[in-house]
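Asker: Turn these sequences into a full structure, and let the hints steer you where they fit.
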Amino acid sequence: MKIKPEDLVEDVIQQFPATIRVFMDHDFPCLVCGEAVWGTVAENAERNNISGEKFDELMKALNKTVSD
Numbered sequence: 049m050k051i052k053p054e055d056l057v058e059d060v061i062q063q064f065p066a067t068i069r070v071f072m073d074h075d076f077p078c079l080v081c082g083e084a085v086w087g088t089v090a091e092n093a094e095r096n097n098i099s100g101e102k103f104d105e106l107m108k109a110l111n112k113t114v115s116d
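Just add 48 to wherever you are in the sequence shown, counting from 1, and you've got the working numbering.
What the hints contain is simulated information worked out from the structure, not anything from laboratory work. For clarity, every value in this text was computed on a predicted model and none was experimentally measured. Treat the hints loosely; a few may be bogus.
DEER-style ranges, computed between Cβ atoms [unchecked claim]:
1. 95 - 116: 26 to 32 Å
2. 64 - 103: 16 to 22 Å
3. 49 - 97: 23 to 29 Å
4. 62 - 116: 15 to 21 Å
5. 75 - 55: 15 to 21 Å
6. 59 - 96: 17 to 23 Å
Ideal Cβ placement from N, Cα and C applies to all residues, glycine included.
Answerer: Here it is as structure tokens:
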């Protein structure tokens, strides 16, 4: 499976718990300490000022994690 920007963050971390570390390493809010994360990967990235090259790196890291 390939993670896409339009995938819901909740679905991604439910299916692939290893992605939690990737999100946190790329400046997403703390996903394991109760911070609510609603919406897509792209929407949350925008809310957290993750764009351009940083967003591309996030997507690459997420997809590497789920393919390993």
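Asker: Tell me if the beta carbons of residue 49 and residue 97 are separated by a distance inside 23 to 29 Å.
Answerer: Given range 23 to 29 Å: holds, Cβ gap about 27 Å.
Asker: How does the Cβ-Cβ distance of residue 59 and residue 96 compare with 17 to 23 Å: does it lie in that range?
Answerer: 18 Å, holds
Asker: Using the C-beta atoms of residue 95 and residue 116, is the stated range 26 to 32 Å upheld?
Answerer: At roughly 28 Å between Cβ atoms, residue 116 and residue 95 fall inside 26 to 32 Å, so the hint holds.
Asker: Holds or violated: 15 to 21 Å for the Cβ distance of residue 62 and residue 116?
Answerer: 18 Å, holds
Asker: Take the C-beta atom of residue 64 and the C-beta atom of residue 103, compute their distance, and say whether it sits inside 16 to 22 Å.
Answerer: 18 Å, holds
Asker: Assuming the hint says 15 to 21 Å, is it satisfied by the Cβ distance from residue 75 to residue 55 or not?
Answerer: 18 Å, holds
Consistency with the previously given hints is maintained throughout, with no hint failing.
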